[in-house]
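K.L.:
Chain residues, written in single-letter form:
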Amino acid sequence: MLFSKSQVKITGLKLDRVLLCGGGAALKGLPRYLSSGMSVPVELFDPFRVVDTTKLSPEARDELEEQKLGAVVALGLAATASDPAAYSIEILPATLRKKREFVGGTAWLIAAGVLALGFLGYEAWRTKQQLDDARVKATALEQQYKKAAGTHRRAEELAAENVRLAKLADELHASKGSGEQVARTLDWLAKDLPAEFWVTQLTSDFRSDPDLGIARGQEKPVVSVVGKAKEGTNSLPQLYESFLHKLRAQLPEGVVPKEKLTPNGARFTLDLSIFAPPAAPPAESPDGAASKSAAPSSSSAQAAGPRKGG
Amino acid sequence: MDLEGFWQENKRSVLIVGGGALAFFVGWLAIGSFLGNDRDAQVTAASRTQRKLSSESMYSADDLRTIEGANDKLKSAVDTLSGAVAWKARPLFTLEPQRGTPSNQYFAAVAATREDLHRRAGRANLRVPEDLGLPALSPTREGEILRYMQGLDLVDRAIRFALEAGCERIDRIQIQLDPKLTSKQGVGAIERTRVTFNLSGRPSPLVAFVKRTQEAAPAADGSGAVGPLLIERLEMQPPRAKPDEAGLEVTFVVARILPQAPPQE
Numbered sequence: 000m001l002f003s004k005s006q007v008k009i010t011g012l013k014l015d016r017v018l019l020c021g022g023g024a025a026l027k028g029l030p031r032y033l034s035s036g037m038s039v040p041v042e043l044f045d046p047f048r049v050v051d052t053t054k055l056s057p058e059a060r061d062e063l064e065e066q067k068l069g070a071v072v073a074l075g076l077a078a079t080a081s082d083p084a085a086y087s088i089e090i091l092p093a094t095l096r097k098k099r100e101f102v103g104g105t106a107w108l109i110a111a112g113v114l115a116l117g118f119l120g121y122e123a124w125r126t127k128q129q130l131d132d133a134r135v136k137a138t139a140l141e142q143q144y145k146k147a148a149g150t151h152r153r154a155e156e157l158a159a160e161n162v163r164l165a166k167l168a169d170e171l172h173a174s175k176g177s178g179e180q181v182a183r184t185l186d187w188l189a190k191d192l193p194a195e196f197w198v199t200q201l202t203s204d205f206r207s208d209p210d211l212g213i214a215r216g217q218e219k220p221v222v223s224v225v226g227k228a229k230e231g232t233n234s235l236p237q238l239y240e241s242f243l244h245k246l247r248a249q250l251p252e253g254v255v256p257k258e259k260l261t262p263n264g265a266r267f268t269l270d271l272s273i274f275a276p277p278a279a280p281p282a283e284s285p286d287g288a289a290s291k292s293a294a295p296s297s298s299s300a301q302a303a304g305p306r307k308g309g
Numbered sequence: 000m001d002l003e004g005f006w007q008e009n010k011r012s013v014l015i016v017g018g019g020a021l022a023f024f025v026g027w028l029a030i031g032s033f034l035g036n037d038r039d040a041q042v043t044a045a046s047r048t049q050r051k052l053s054s055e056s057m058y059s060a061d062d063l064r065t066i067e068g069a070n071d072k073l074k075s076a077v078d079t080l081s082g083a084v085a086w087k088a089r090p091l092f093t094l095e096p097q098r099g100t101p102s103n104q105y106f107a108a109v110a111a112t113r114e115d116l117h118r119r120a121g122r123a124n125l126r127v128p129e130d131l132g133l134p135a136l137s138p139t140r141e142g143e144i145l146r147y148m149q150g151l152d153l154v155d156r157a158i159r160f161a162l163e164a165g166c167e168r169i170d171r172i173q174i175q176l177d178p179k180l181t182s183k184q185g186v187g188a189i190e191r192t193r194v195t196f197n198l199s200g201r202p203s204p205l206v207a208f209v210k211r212t213q214e215a216a217p218a219a220d221g222s223g224a225v226g227p228l229l230i231e232r233l234e235m236q237p238p239r240a241k242p243d244e245a246g247l248e249v250t251f252v253v254a255r256i257l258p259q260a261p262p263q264e
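If you read the protein sequences in the order shown, they are chains E and B.
Reading the first sequence from the start, the letters are residues 0 to 309 in numbering that gives the first Met the number 0.
Reading the second sequence from the start, the letters are residues 0 to 264 in numbering that gives the first Met the number 0.
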């Protein structure tokens with residue numbers, strides 16, 4: 000049994016049936032003895048059940064029949080030689096058998112293992128390289144982002160502070176210049192207001208005035224002048240226009256007073272603030288000339304002092 | 000060859016190859032697990048950061064430099080303007096610890112000012128309210144005393160300018176501390192003590208008075224009173240009963256610039 004297993008190289012070989020052959024198989028009672036010992040059916044092998052002997056002479060056939068158990072080996076060798084798919088039994092030295100086994104299987108397995116290990120090593124190395132590259136890139140980007148975010152945060156803080164400072168500067172500027180604006184207005188009136196007109200009321204107050212470009216919540220000092228003219232005077236509108244012309248020439252650039260003269264020229268009102276935002280540049284007429292009443296566009300506050308530094 | 004026969008014949012090889020494949024697969028998974036996941040996480044983090052960098056609108060370093068430049072200019076402007084706006088009291092109207100208690104200094108300043116101004120006003124025929132705009136009940140807290148003394152300094156200067164301008168009547172003077180001092184919001188960046196004058200008389204001295212308050216030249220009496228005084232509100236018009244005269248109500252401001260911390264977010 001062990002010999003059979005080692006020869007066919009099937010260690011788990013199952014035994015279903017035993018066929019006896021060879022000269023010794025003819026011993027009487029041997030099949031029954033073996034069957035009881037091996038617990039499988041044991042029979043004598045008749046090789047001529049699968050061999051056609053009809054072409055032999057009757058004498059040769061009888062002789063072969065008598066020696067049929069002993070002829071199994073010769074018959075088997077002949078059948079093996081004629082059938083390439085048949086089992087063959089080799090008896091080899093142990094070193095040669097191990098060498099053959101190594102060359103035929105183990106060497107390939109080792110090669111496959113080495114290849115697999117090499118591939119895994121390469122894969123690990125490649126992935127590690129990619130990881131290092133990605134880590135370097137991620138770190139660099141993170142640092143770049145942190146730097147950009149820090150710059151942004153600092154800029155936002157400064158921008159917010161600038162807004163606060165600009166508002167404070169505006170407030171301080173208006174506080175500082177309010178009285179100066181009144182004094183200047185008094186000078187302009189004393190110098191340029193025609194003798195036919197006189198002032199009946201002069202006020203200065205911090206207030207909003209959309210007509211002057213001063214929005215609600217951003218109150219600025221505004222001087223308001225109310226005046227009258229002598230009745231019966233000719234050319235009041237021309238005199239008034241002349242006064243306005245002189246006044247505008249003395250106002251900082253961009254400051255446009257709000258004024259109104261009654262149709263009969265007997266009463267006028269004038270509101271002005273040198274702290275008002277500069278007026279928008281005039282829209283040019285088709286012939287390229289600016290409209291008559293428009294004012295230049297630069298800051299009105301530059302003449303009186305610093306405004307928003309930003 | 001059936002499957003059973005193949006298995007019987009190649010069992011060892013199949014087991015070795017299968018075991019090797021399993022070991023390879025486990026190794027491959029281990030590499031993916033230990034290195035690949037880290038790599039993917041880093042790539043994802045890098046992509047996310049890159050996306051944030053490109054999608055978020057942020058100030059650049061150039062913007063920051065521009066804003067810093069603007070900030071410097073604004074600070075400089077605010078410093079300059081603060082210096083011009085903040086009230087600079089004369090020594091008599093400041094509190095000095097070595098001159099005694101605040102109350103005593105207050106009474107001394109009020110007495111000296113009242114005596115000098117009324118004497119000068121009497122000579123110049125200028126009518127001046129007896130109280131000089133001070134409260135009937137003298138302040139007791141140091142902060143209030145200091146503010147009323149600064150208001151008194153402004154009253155002193157304005158009356159001296161009125162004397163120079165030839166004004167006839169100061170009908171009323173009122174010193175009013177900043178109402179926001181008692182509010183929860185506080186006074187903000189500028190604390191304003193308002194001093195309101197009501198004057199009447201011929202128009203030209205009133206106009207001269209207003210213009211004199213805006214001049215920086217010191218008063219001619221050697222008192223050290225200088226302008227300009229900050230005007231918050233002014234109204235000048237003739238009274239109904241006397242069309243040849245004018246009435247002037249002007250509110251001056253004693254400003255204190257308070258340091259402000261930037262608002263916390």
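Treat the hints loosely; a few may be bogus.
Claimed, not checked - Here are a few chain B residues that face chain E, going by a calculated C-beta distance under 7 Å:
| hint | residue |
| --- | --- |
| 1 | A76 |
| 2 | V225 |
| 3 | L229 |
Stated by the list, open to error - With a straight-line Cα cutoff of 20 Å, these simulated SDA-like cross-link-like pairs (lysine to any residue) come out:
| hint | chain 1 | residue 1 | chain 2 | residue 2 |
| --- | --- | --- | --- | --- |
| 4 | E | K175 | B | D78 |
| 5 | E | K136 | B | A44 |
| 6 | B | K241 | E | D169 |
| 7 | E | K127 | B | S32 |
| 8 | B | K210 | E | L167 |
| 9 | E | K127 | B | K241 |
| 10 | E | K175 | B | A44 |
| 11 | B | K10 | E | G112 |
| 12 | E | K229 | B | E244 |
| 13 | B | K72 | E | D169 |
| 14 | E | K136 | B | K241 |
| 15 | E | K97 | B | T250 |
| 16 | B | K51 | E | T138 |
| 17 | E | K127 | B | Q7 |
| 18 | E | K175 | B | Q236 |
| 19 | E | K227 | B | Q236 |
Stated by the list, open to error - Take a look, some chain B residues computed to stay more than 10 Å from chain E by CB distance:
| hint | residue |
| --- | --- |
| 20 | V84 |
| 21 | F106 |
| 22 | I144 |
| 23 | K183 |
| 24 | Q236 |
Simulated from the structure, these hints should not be mistaken for laboratory data.
Nothing here was measured: the structure is a model prediction, and the numbers come from that model.
Glycine included, every Cβ here is placed at the ideal spot set by N, Cα and C.
K.L.:
For each hint, tell me whether it holds in the structure or not.
P.N.:
Status of the hints after comparison with the structure:
no.: 1; hint: A76; in the structure: holds, 4 Å
no.: 2; hint: V225; in the structure: violated, 14 Å
no.: 3; hint: L229; in the structure: holds, 5 Å
no.: 4; hint: E/K175 with B/D78; in the structure: holds, 13 Å
no.: 5; hint: E/K136 with B/A44; in the structure: holds, 9 Å
no.: 6; hint: B/K241 with E/D169; in the structure: violated, 40 Å
no.: 7; hint: E/K127 with B/S32; in the structure: holds, 12 Å
no.: 8; hint: B/K210 with E/L167; in the structure: violated, 26 Å
no.: 9; hint: E/K127 with B/K241; in the structure: violated, 99 Å
no.: 10; hint: E/K175 with B/A44; in the structure: violated, 55 Å
no.: 11; hint: B/K10 with E/G112; in the structure: holds, 18 Å
no.: 12; hint: E/K229 with B/E244; in the structure: holds, 18 Å
no.: 13; hint: B/K72 with E/D169; in the structure: holds, 13 Å
no.: 14; hint: E/K136 with B/K241; in the structure: violated, 86 Å
no.: 15; hint: E/K97 with B/T250; in the structure: violated, 119 Å
no.: 16; hint: B/K51 with E/T138; in the structure: holds, 14 Å
no.: 17; hint: E/K127 with B/Q7; in the structure: violated, 43 Å
no.: 18; hint: E/K175 with B/Q236; in the structure: violated, 24 Å
no.: 19; hint: E/K227 with B/Q236; in the structure: holds, 13 Å
no.: 20; hint: V84; in the structure: violated, 5 Å
no.: 21; hint: F106; in the structure: holds, 31 Å
no.: 22; hint: I144; in the structure: holds, 24 Å
no.: 23; hint: K183; in the structure: holds, 20 Å
no.: 24; hint: Q236; in the structure: violated, 4 Å
Hint compliance for this structure: hints 2, 6, 8, 9, 10, 14, 15, 17, 18, 20, 24 are broken, all remaining hints hold.
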